[in-house]
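Protein chains: 2
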Amino acid sequence: MTVPPPLKPGDTVAVVAPAGPFDRLLVLRGMAWLRGRYRVRFRQDLFDRAGFLAGSDQRRRDELAWALTDPDISGVFAARGGHGCLRIVADIPWDTVQQRPPWFVGFSDNTAIHLELNQRGVVSVHGPHVGALGRQDDVTRASVVDTLERSMPAGYDVNGLRPGRATGALVGGNLAVLAACALAGRLRFSQPCVLLLEDVAEAPYRIDRALTALRLGGHLTNVVGIVLGDWTHCRGKYGRTALDVLREHASRLDVPAAHGLRVGHGAVNLPVQLGRTVTLDADAGRLRLQQS
Amino acid sequence: MTVPPPLKPGDTVAVVAPAGPFDRLLVLRGMAWLRGRYRVRFRQDLFDRAGFLAGSDQRRRDELAWALTDPDISGVFAARGGHGCLRIVADIPWDTVQQRPPWFVGFSDNTAIHLELNQRGVVSVHGPHVGALGRQDDVTRASVVDTLERSMPAGYDVNGLRPGRATGALVGGNLAVLAACALAGRLRFSQPCVLLLEDVAEAPYRIDRALTALRLGGHLTNVVGIVLGDWTHCRGKYGRTALDVLREHASRLDVPAAHGLRVGHGAVNLPVQLGRTVTLDADAGRLRLQQS
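Here the protein sequences line up with chains U and S, keeping their order. Read in order, the letters of the first sequence are residues 1 to 292 in my numbering. Read in order, the letters of the second sequence are residues 1 to 292 in my numbering.
Don't take every hint at face value.
In silico contact screen, one side only, chain S against chain U (beta carbon under 8 Å); selected entries [what the hints assert, rightly or not]:
1) His83
2) Pro204
3) Asp208
4) Leu214
5) Gly218
Hints are computed from structural coordinates only; laboratory data are not their basis. These numbers were taken from a predicted model, which means no experiment stands behind them. In this text, a Cβ means the ideal position worked out from N, Cα and C, and glycines have one as well.
If we strip away everything but chain U, and leave its shape as in the complex, we get (with noise of 0.2 Å):
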């Protein structure tokens, strides 16, 4: 397990934009809370667009590509998610960032990059984009600085869904980029998972045909656990909840589960250090941080 070096106030970071276009006064106004901490770089054309994506997929690429490889950079901070990174991580030189991972932090669409790295070894942060520090959230920002400066927290209350404990890497994030990755064969997870599952304007019966898929396809085989976030405008009109479908599956896989970890799309998104060997103990409600 990889874990990039604690951020100090002080240490350079980067702000990039690997998938959709974002709201520039929310994301400048998350740079400004991050310039009273670090030293912020971004590339000018940071603010280009191309229809749904953060300008071109040679510029996110390459933008990216820097961010993660740069030897200055301590911290890459994901702008937004929306859609566009499935476009670009094949063609990220990820030897090279292995070697000297700096701290990523991004949710939603950047599940594909958190795959990425977590596969190899690279522990980081599933948590808020830029956009969102740039709300007037003292608790969120103070939990970011946290996991970035301290450690994870030894560990999270949550609900169980299905009894038993599992111990495993934390891995995962949104549920359909995950299935997208692993349909384009960028899931491969070898070791066993506690896999961390969030999801926004998803029906039941949409994340049961994820859900299906990627058992079916014999890609939740590695996953001891589910550990579940919010699951934002995720109501269907058929009764069945996401919650139900998500405890069916668990059942299907034959592992513990819980829910309620403020991750996601809700109100609050907890920072959490993705890679990370934790253990699920859906019995007691409680996700445990292994030290190493």
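With chain U held as given, fit chain S onto it using these hints.
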């Protein structure tokens, strides 16, 4: 290629619900229309509901297996799409079906069933559900009868999207369902294909995500042409349209493409025989059936 024998008035057909629950009144009306021409059979539990599914997996699987293998049944009509076929297709006795296949009629989620049939060389009908046949639409109804009792029309007018000409088996259907089937390991076209694609309520960035993942995963290597049906409620907020995205992917695959086939979730859903060898001539704006 296995083409079920043409249906005749008086033949026995079955109505099944392998996916989601449906509007009973519409389906009863559709069944009443079918009864005007064929002997209609259905199981008493056709009307079961279990959340977003038309009854349990076992019920839907047993019903579909019965309808596809009963030697008295010459045509099988899906009541509705929605979601659910992928949960049961692995447990259908396809080898038995292949020996004496009936006509299968459906689309959308039933793309999962078409794929199983077409990959085994069986021709099927991408066409309206029984619920849609319950609406007053004599043109669609007459087209369905023509397709099942006579043959596929010699050709369809389409609009060129990317120039060129290609010949292959017409396969595909709903993009999101196709992607889920591929993720589940159930997409294995080994011959040149002209890919039919349509979808509903998918923003352009989602269409791009699915096509990007399918391409990166190597699932489109045998695609020699793309023909597009309707993209219903598929507008996004970033200016790029579904057709923009589809044109880009046709370019990446370096295949001819056309749009404007009146197939899918729009007002008109013409029946089209899948599994047939067709020539897409994007220059002439024509999709031609190769006469066998």
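Practice task
Identify whether the interface hint at histidine 83 (chain S) stands, where standing means a beta carbon of chain U within less than 8 Å of its own.
Solution key: Where the cut-off is 8 Å and the nearest Cβ of chain U is about 4 Å from histidine 83 (chain S), the hint holds.
Handout entry: Closest C-beta approach of proline 204 (chain S) to chain U relative to 8 Å, hint status
Key = holds, 6 Å
Handout entry: Hint check, aspartate 208 (chain S) versus chain U [nearest Cβ-Cβ separation less than 8 Å]
Key = holds, 7 Å
Handout entry: chain U contact restraint for glycine 218 (chain S) - C-beta distance below 8 Å
Key = holds, 7 Å
Practice task
Could you check if leucine 214 (chain S) really has its C-beta closer than 8 Å to a C-beta on chain U?
Solution key: Holds. Min distance 6 Å.
The structure meets every hint from the earlier list without exception.
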